[in-house]
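Asks: This is what each chain is made of:
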Amino acid sequence: MAKLIAESATAQVKSDLIVAEDLSAGYGGRSVWSGANFSFGRGEFVAILGPNGAGKTTLFRVLLGLQHPTGGTIQLFGSPPRRGNPHIGYVPQRHTIDTETNVECLELVRLGVSGTRWGFNPVTHDDRDAAWSALEAAGASDLAHRRLGALSGGELQRIFLAEALVSNPDVLLLDEPLSNLDIKRETDLLHLVNNVVRSRGVTALLIAHNINPLLPHVNKVVYIANGKMTTGKPQEVLTSENLTRLYGIQVEVLKDPHGNVAIIGVEEHHGDIP
Amino acid sequence: MQNAIEAGTLTAVVAGVTGYFVVLRKSAFTAHAFSEIGFAGAAWAVLSGISPLAGLLIGSNLGGLGIALLGRRAINRDTQIGIVLAFSLGLGLLFISLYSGYATQTYSILFGEILGVSQAQVLETMAAAAAILLVLGLVYRPLLFASLDEDVAEAKGMPMLALGMVFMVVVAVAVSFAVEVTGVLLVFSLMVTPGATAQYLARRPSTAIAASVIIALLATWTGLFLSFYTSPPVSFYITGEVFAFYLFVRFVYARFRGERLSQGSLLRPPVDRSG
Numbered sequence: 001m002a003k004l005i006a007e008s009a010t011a012q013v014k015s016d017l018i019v020a021e022d023l024s025a026g027y028g029g030r031s032v033w034s035g036a037n038f039s040f041g042r043g044e045f046v047a048i049l050g051p052n053g054a055g056k057t058t059l060f061r062v063l064l065g066l067q068h069p070t071g072g073t074i075q076l077f078g079s080p081p082r083r084g085n086p087h088i089g090y091v092p093q094r095h096t097i098d099t100e101t102n103v104e105c106l107e108l109v110r111l112g113v114s115g116t117r118w119g120f121n122p123v124t125h126d127d128r129d130a131a132w133s134a135l136e137a138a139g140a141s142d143l144a145h146r147r148l149g150a151l152s153g154g155e156l157q158r159i160f161l162a163e164a165l166v167s168n169p170d171v172l173l174l175d176e177p178l179s180n181l182d183i184k185r186e187t188d189l190l191h192l193v194n195n196v197v198r199s200r201g202v203t204a205l206l207i208a209h210n211i212n213p214l215l216p217h218v219n220k221v222v223y224i225a226n227g228k229m230t231t232g233k234p235q236e237v238l239t240s241e242n243l244t245r246l247y248g249i250q251v252e253v254l255k256d257p258h259g260n261v262a263i264i265g266v267e268e269h270h271g272d273i274p
Numbered sequence: 001m002q003n004a005i006e007a008g009t010l011t012a013v014v015a016g017v018t019g020y021f022v023v024l025r026k027s028a029f030t031a032h033a034f035s036e037i038g039f040a041g042a043a044w045a046v047l048s049g050i051s052p053l054a055g056l057l058i059g060s061n062l063g064g065l066g067i068a069l070l071g072r073r074a075i076n077r078d079t080q081i082g083i084v085l086a087f088s089l090g091l092g093l094l095f096i097s098l099y100s101g102y103a104t105q106t107y108s109i110l111f112g113e114i115l116g117v118s119q120a121q122v123l124e125t126m127a128a129a130a131a132i133l134l135v136l137g138l139v140y141r142p143l144l145f146a147s148l149d150e151d152v153a154e155a156k157g158m159p160m161l162a163l164g165m166v167f168m169v170v171v172a173v174a175v176s177f178a179v180e181v182t183g184v185l186l187v188f189s190l191m192v193t194p195g196a197t198a199q200y201l202a203r204r205p206s207t208a209i210a211a212s213v214i215i216a217l218l219a220t221w222t223g224l225f226l227s228f229y230t231s232p233p234v235s236f237y238i239t240g241e242v243f244a245f246y247l248f249v250r251f252v253y254a255r256f257r258g259e260r261l262s263q264g265s266l267l268r269p270p271v272d273r274s275g
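Protein sequence lines correspond, in order, to chains A and B. The first sequence begins at 1 in the numbering used here and counts up one residue at a time. The second sequence begins at 1 in the numbering used here and counts up one residue at a time.
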């Protein structure tokens, strides 16, 4: 019996796509965060929270292989991160795209899969199908022939999502896709991401500033602050004791009858009106 | 005249293709800067008694590689590029003033002398054009990706620095040969204006590149034809034509089509799924 449990525990670890043990990261001798432990399985939707400059994007850079960890281990699909991993779809933090960009959206989405190929190779039927199915999954089919420069913030995020999905990734890294979106567009985009997570079995990590719109969807929360990281189910992580321990100062987590969360007592504000 | 048509045609094709990427990457000012660094090189070459083209190639390539090595955000470093540009022009002026021979060569570097192109120059241009089109063909998709979406392309493992350097060398060589037609000062008329105009005509890169080439070709051919029968120089006609066409497309055509087909591409209906 004990053996069986041990085996199933091993299987559990193996099925986790991303596993970090005592991981730390920093730039040029300066530590950003350290002692991070987490594991994310297939089809999990994870919110990454924390004040500005806490190192949320740094975590993505480590996962993308753009930055080496300064300590500990991190495994993606059982091996260390490497740049250009085709199993990762990435939407970087962006504020705008030049309004003079007259290239159609479909082209950008297609480049998500064909843009890494050298030499003379015309776009194949498979590329086309992949691009259209990614556009459909991102709810952006109607935008395919629009020019990139003419899109609104919400439309642009859907195109970036399609661009990230086109190579059929197992992991999606979304860096603040909700910034600059109004509440309605925020909700719409989160539903789209949630559908992708559920229907394609994709593991999505999403950096956000406001947890409340995410609460109905996410399985886990990563909270980064004060050079440390804490992970778990939202109700476990977002407690007064837990965040007080993390920040090292008194933090109060308040809940309203609808389950919305407000975090008070820190220099950064979360759960407030966006 | 036959040499002029051949050299002009080759230059227009190369400038049309390269120019699309120059505009897409917002490198127009950069391209201009190293055409003027090329001018300093050409003036130095004249002074040293070697071919001005060799000087142009050396100067513009050094300038281009220097800017590429400064890093991915260097394209936006207007101030630094402007400072180097001004210094290059000053250097060029010094070399010209030191040169005791005829000033015609300098004049042709600045404003182009396509009617004086020799058979040997046509062959050189042809070799350069073939090399540029081959290289651009090989890096076409990654370059497009890196130009439209730097951050994602980098995360996908594309060698951004190498791509930037390859592109700068391509532009440097293209500029050096375009200078024979338009001169250093007017090189924009073939390297930037057709590419900029084409972006308003087509939303698909391949179509836009074709449009850019056609604009550059028509301007060069009609410019040669008109200047053959009238007194203004070829370069004037080329700059005038591409400018007039740019204005027309930008302010008349794009606005008119943009309103009618704001949901779709200018060349395709909105719900076409073939693409």
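Calculated directly from the structure, the hints in this document are not laboratory data. A few of these clues could be false.
[As the list claims (entries may be wrong)] Pairwise CB distance ranges, derived in the manner of DEER restraints:
1) A130(B) with W118(A): 44 to 52 Å
2) G157(B) with N260(A): 38 to 46 Å
3) G248(A) with L70(B): 49 to 57 Å
[To be verified] Sample of chain A residues with no beta-carbon within 12 Å of chain B, all distances over it, derived:
4) N37
5) P92
6) E107
7) G115
8) T116
9) D188
Ideal Cβ placement from N, Cα and C applies to all residues, glycine included.
Asks: Does each hint fit the structure? Answer for all of them.
Replies: Evaluated hints:
1. A130(B) with W118(A): 44 to 52 Å: The hinted range 44 to 52 Å is violated for A130(B) and W118(A), with Cβ atoms some 19 Å apart.
2. G157(B) with N260(A): 38 to 46 Å: holds, 41 Å
3. G248(A) with L70(B): 49 to 57 Å: For L70(B) against G248(A), whose Cβ atoms are near 41 Å apart, the range 49 to 57 Å is violated.
4. N37: Since the minimum Cβ distance to chain B is about 25 Å, N37(A) lies beyond 12 Å and the statement holds.
5. P92: violated, 4 Å
6. E107: violated, 6 Å
7. G115: For G115(A), whose nearest Cβ neighbour in chain B is about 3 Å away, the distance does not exceed 12 Å, so it is violated.
8. T116: Answer for T116(A): violated, closest chain B Cβ roughly 5 Å.
9. D188: D188(A) clear of chain B: closest Cβ-Cβ about 19 Å, beyond 12 Å.
When each numbered hint is compared with the structure, violations occur for hints 1, 3, 5, 6, 7 and 8.
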